[in-house]
Amino acid sequence: MPEALSLAANNLLTPAVLFFALGLFAGLLRSDLAVPDAAAKTLALYLMLAIGFKGGVEASRAGLTADFFNAGATGVILSFIIPVVAFYALRSVARLDRTTAAATAAHYGSVSVVTFAAGTEYLRALGVPFGGYMVAVVALMETPAILTALLLAGGDAAGKQGLRGNLLREVLLNGSVVLLVGSFVIGAVTGERGMAKLDLFVNPLFQGVLALFLLDMGLVAARRLREAKTMTVPLVLFALSMPLVSCAMSIALSALLGVKPADAAVLAILAASASYIAVPAAMRIALPKADPGVYLTLSLGITFPFNLLIGIPLYQAVVATVLG
Amino acid sequence: MPEALSLAANNLLTPAVLFFALGLFAGLLRSDLAVPDAAAKTLALYLMLAIGFKGGVEASRAGLTADFFNAGATGVILSFIIPVVAFYALRSVARLDRTTAAATAAHYGSVSVVTFAAGTEYLRALGVPFGGYMVAVVALMETPAILTALLLAGGDAAGKQGLRGNLLREVLLNGSVVLLVGSFVIGAVTGERGMAKLDLFVNPLFQGVLALFLLDMGLVAARRLREAKTMTVPLVLFALSMPLVSCAMSIALSALLGVKPADAAVLAILAASASYIAVPAAMRIALPKADPGVYLTLSLGITFPFNLLIGIPLYQAVVATVLG
Amino acid sequence: MPEALSLAANNLLTPAVLFFALGLFAGLLRSDLAVPDAAAKTLALYLMLAIGFKGGVEASRAGLTADFFNAGATGVILSFIIPVVAFYALRSVARLDRTTAAATAAHYGSVSVVTFAAGTEYLRALGVPFGGYMVAVVALMETPAILTALLLAGGDAAGKQGLRGNLLREVLLNGSVVLLVGSFVIGAVTGERGMAKLDLFVNPLFQGVLALFLLDMGLVAARRLREAKTMTVPLVLFALSMPLVSCAMSIALSALLGVKPADAAVLAILAASASYIAVPAAMRIALPKADPGVYLTLSLGITFPFNLLIGIPLYQAVVATVLG
Amino acid sequence: MQTVRRRKLEIIVEAPVLSRVEAILKSEGVRGWSVFAGVEGHGATGDWHSEGLSGAEEKRLIFALTSNDAADRVLEKLVAFFEDYPGVVCVSDVDVMRPDRF
Amino acid sequence: MQTVRRRKLEIIVEAPVLSRVEAILKSEGVRGWSVFAGVEGHGATGDWHSEGLSGAEEKRLIFALTSNDAADRVLEKLVAFFEDYPGVVCVSDVDVMRPDRF
Amino acid sequence: MQTVRRRKLEIIVEAPVLSRVEAILKSEGVRGWSVFAGVEGHGATGDWHSEGLSGAEEKRLIFALTSNDAADRVLEKLVAFFEDYPGVVCVSDVDVMRPDRF
Ligand SMILES: Nc1ncnc2c1ncn2[C@@H]1O[C@H](COP(=O)(O)O)[C@@H](O)[C@H]1O
Ligand SMILES: Nc1ncnc2c1ncn2[C@@H]1O[C@H](COP(=O)(O)O)[C@@H](O)[C@H]1O
Ligand SMILES: Nc1ncnc2c1ncn2[C@@H]1O[C@H](COP(=O)(O)O)[C@@H](O)[C@H]1O
Ligand code: NA
Ligand code: NA
Ligand code: NA
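Residue numbers (the working numbering), protein chains in the order written: chain X, 1 to 324; chain W, 1 to 324; chain C, 1 to 324; chain D, 1 to 102; chain H, 1 to 102; chain Z, 1 to 102.
Be aware that one or more of the hints could be misleading.
Label-pair distances were calculated between CB atoms; the ranges are [stated by the list, open to error]:
#, chain 1, residue 1, chain 2, residue 2, range
1, H, G46, X, V189, 30 to 38 Å
2, X, L29, C, T65, 26 to 34 Å
3, C, L240, W, A66, 39 to 47 Å
4, X, V189, Z, R31, 52 to 60 Å
5, Z, R31, X, V236, 25 to 33 Å
6, Z, S19, C, D97, 39 to 47 Å
To give a feel for the contact side, a few chain W residues facing chain X, derived at Cβ under 10 Å [to be verified]:
#, residue
7, P15
8, F19
9, R30
10, A39
11, T42
12, V181
13, G208
Since the hints were made in silico from the structure, they are not lab data.
Note that the Cβ used here is the ideal one computed from N, Cα and C, for glycine as well.
Use the sequences and the hints to build the structure in full.
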């Protein structure tokens, strides 16, 4: 598939992705280049607001169809079951302790909003006509994996009874979920009229903000890699192959549940992506004995760059081949 | 007035206002969604810069006419006398202690720049031709109320003699006043040539930044409401009715001093708005015994949402009916 | 040269420069107007990203010609030798101690990215056709001066052997150098295709961000001036005349090495500018006994405003007269 | 200057569980405290840096002046808490004015 | 290691009046201090959070190493100051090198 | 509550050389520390404010609980370090739980 390869190269050469590479490079060389925390948090808020709002406006154009329900159901099921596969792989192959394996599995069952952003930019450039409602699917896929992980961790979950109620509230009302869903609803409600007001803010500005944000993600990923103390070959292999397994599971389930091919391409990218914003905070609360040096290094340091640089065009090509 | 109602609904449905509602909602449900402090401060600086600059350019187009002096004088007088009315209402009806009543009164005599921004967006959408110099009137109305409040507080003001001189300087050189006036002057001086350079920055970008800022204001207002310890029914009623009283006073004085109707609509919105940036800091210095749990909850938690969601279209409709 | 004067006035009247004046004014009057640190750092990152990227795209249009090598070589030589002149002036005329003189000299040999931004805006407005590769020259000129300064400081440099290796790495991998060069390369690699994605972000947005950043620089410069404890008349004279000397050296060397006149105008502005981001941090590490109250006050408090308000049009006029 | 001896608690906890420690302070009768944000740190489990992406490892410092008894009760509770969660705590003697506040 | 006993002042004040406390430190002969920003807190008058909108309730921590005498004089002045303004202060013993600096 | 006496190091250094002090802590056997960012300060060399432009004068506070011996060794090294670089350090007694950690 030489065409896929040249498209992959093209994907590699967008400014946003190259700024990620610049951040990675600067971080690995220990440059003192740094994006202030407050800026990184604000850029993340902006991205979720823009992604949610755009998705809402697009959904208001098309209306909520059966396609949405197919994609949503597939996404939720994937988020519940991917952690099970990840957990057993981490336990048996990488010989990780139960708690860290469960926490890491939660990351792989959940999703990365920025991988979604980069992936949909790529699909748009290719003219793949996925639905605007896929933003809502992102939000649906953020949290189920956390519940699976808590079951997998069993008695090791912290804080016993008292905390459980709190935790559920904290997970469901997680800031990124609320902002993504809220912006989606605002986009859906205000439609074209709303877009007329926010057009410049959410559209042409988006690429630039994404570039700055990816610069920071490169720097953070590099620090994770540099400071990783507990990395082993099986763990690295897991972080590189789990996305492929998730992608395969996603394609199979999409075929089964009749997800339309364009949406299935987005789902494959989401399934392959791993969380690094919402899930880590939930894990610090629920599974504090799990080692963040493992799950953040794998999701942010290895899987995210892999997806950004190689995965996205690959998953798209496979979906196009398999599902047409 | 069914038309006014449908316009009000329209106002409710701008993305910016809906993002405020989203913030309020997320905050009341205790979501961990949060905008970093540094970002909120920077967005506020941006809004003042853009508002001031746009007003200055518009003023340079029209020139400074007698209309400006009428509106400015009306605004200053309102800022001086509204606190007196507020103070006696708070003392007699809400039975507040002298110092907290005086500090709260200062907030209602001063103005909210974001209410001004939302109000003028609404008026622009309706085609109400108010003057660009109204931005300068905003700046004029920020501080007189503080002086009235200090007189009303009497001997309770802190720090005795030594601090007075400092306080006056701090109030007059308050950052938001300086930035608003400075940007207005820069807009007026550079005119169309300046606007050619900053057009995108201050115009199409504005709605998006306002949306993000209002999201944060919703979160902060919700926390105020959640943590309010000293709220009483009379205080809540005050926060809901004082804007109406101020609006009425503003309309009467506008008629008396011959303010043109379009400007009077802006003045009514300004009079009804309450400060939550410049005045609180001045009160922490001058009246530290006043309870911020009262004045910030009333101005930020009740009056601001009320004005944004209901007040603005209401005041406009009343001004249109009364002053034609 | 009345035309030059009217152009200078025009330069003075851009919004960005007037916002600098506003910041200076507010700061000198001790207004509490302040831009959060995190915002200032982020705006600086944005400016470097945008400047680098635009330069890279322009360079990709023109290709790397001999002109680039001439300008680059001239810039590097200037950065090495300007500190020597500055050092002897500071030692003999201003009677500064050896270490502080060396550290200050490093600032004047290096460059200011924001002076470059303001200068190139000015030249663009005049239609001076300098090369996009001049951004790369900025990066080349950032660090050589630091090496000269360490030699000039001699035995006073801190930390002895062990630190030297570290310091070199820190200086070469300084965040602003990495971001500027990296963005330049990304611009050069992605060319028009990249520009199509980031156009709005790096072009029309630029002026607005520059205005906000210069507002902050005005505030910081004012605080430097207000708190300056160790200022003497000779030091102030140095900060006002050294840029003229550097400009003269730059013109002479440009003539000698055959730099084309448009590029020579940029080089003159760069030579006259003094660093206040990269060099101070390097000096805190390498020459901690040097007084930052001297070098930051001179570069940020005096030379930067001088260049912005007077120097830029002056250097351009002189280059145009001398080199045609 | 007339001062009275009280205890100062300094507690470092992860940001996601800050509110749980604050609940302990409140329940044990500590009447005031202030919270500060760390920028980085080093410990048995490696290095962390506040970074704005995940924020999961960010640390907070709680600074609380209180009575000897309340400090003791808080420590008792924190022993159990720190079995589950990472963090450190120390107590020291301080002199304060207006001792009735603490 | 040769160290000398000095006093450490830790003062929490509201950001809008920080400069007034710094003026007291200077006037009483404290020769150095460092200031840190709080992110939230709890006290007799309720909770506060640094939020970026009003900033009126933001708190600062002043950390100052100084001599016993200067610390005493500062406390004396702060008694009066804290009658008007909210805040807390504590003093404790510390060991320092280069004692002539403090 | 069973507690044990340990030492608390508080070190103020300039941000550009923070990592050099951290290297000293590590080499002398300090097993954990936390870093905080100052917002402004005053000292023999004048005032500084964290400002976002140069950042050269920004200060960091290192807070480290450690054993008496490690604290002593660190102080020994810092004497030399503070001859070159600006900054202050103090040590004090604290009570900790889980003393084997420090
Ligand atoms: N001895 C110590 N002194 C100060 N802070 C510490 C100490 N030990 C641990 N910490 C802080 O607590 C965090 C977690 O510690 P640990 O559980 O040992 O990895 C560290 O990253 C530090 O921020
Ligand atoms: N005991 C305490 N320990 C530490 N900080 C305190 C204490 N009491 C009050 N504070 C701080 O001072 C602020 C004002 O206190 P208060 O006047 O009691 O409401 C609180 O919000 C805390 O930030
Ligand atoms: N006595 C002190 N207590 C607390 N911090 C200090 C003290 N002296 C100096 N500092 C801090 O160290 C910085 C440099 O001090 P100096 O070298 O005295 O100018 C000051 O700006 C303060 O931030
Ligand atoms: Na996934
Ligand atoms: Na008002
Ligand atoms: Na120079």
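Structure-based check of all given hints:
no. : hint                         : in the structure
1   : G46(H) - V189(X): 30 to 38 Å : holds, 36 Å
2   : L29(X) - T65(C): 26 to 34 Å  : holds, 30 Å
3   : L240(C) - A66(W): 39 to 47 Å : holds, 46 Å
4   : V189(X) - R31(Z): 52 to 60 Å : holds, 55 Å
5   : R31(Z) - V236(X): 25 to 33 Å : holds, 28 Å
6   : S19(Z) - D97(C): 39 to 47 Å  : violated, 27 Å
7   : P15                          : holds, 5 Å
8   : F19                          : holds, 6 Å
9   : R30                          : holds, 7 Å
10  : A39                          : holds, 4 Å
11  : T42                          : holds, 8 Å
12  : V181                         : violated, 27 Å
13  : G208                         : holds, 3 Å
Hint compliance for this structure: hints 6, 12 are broken, all remaining hints hold.
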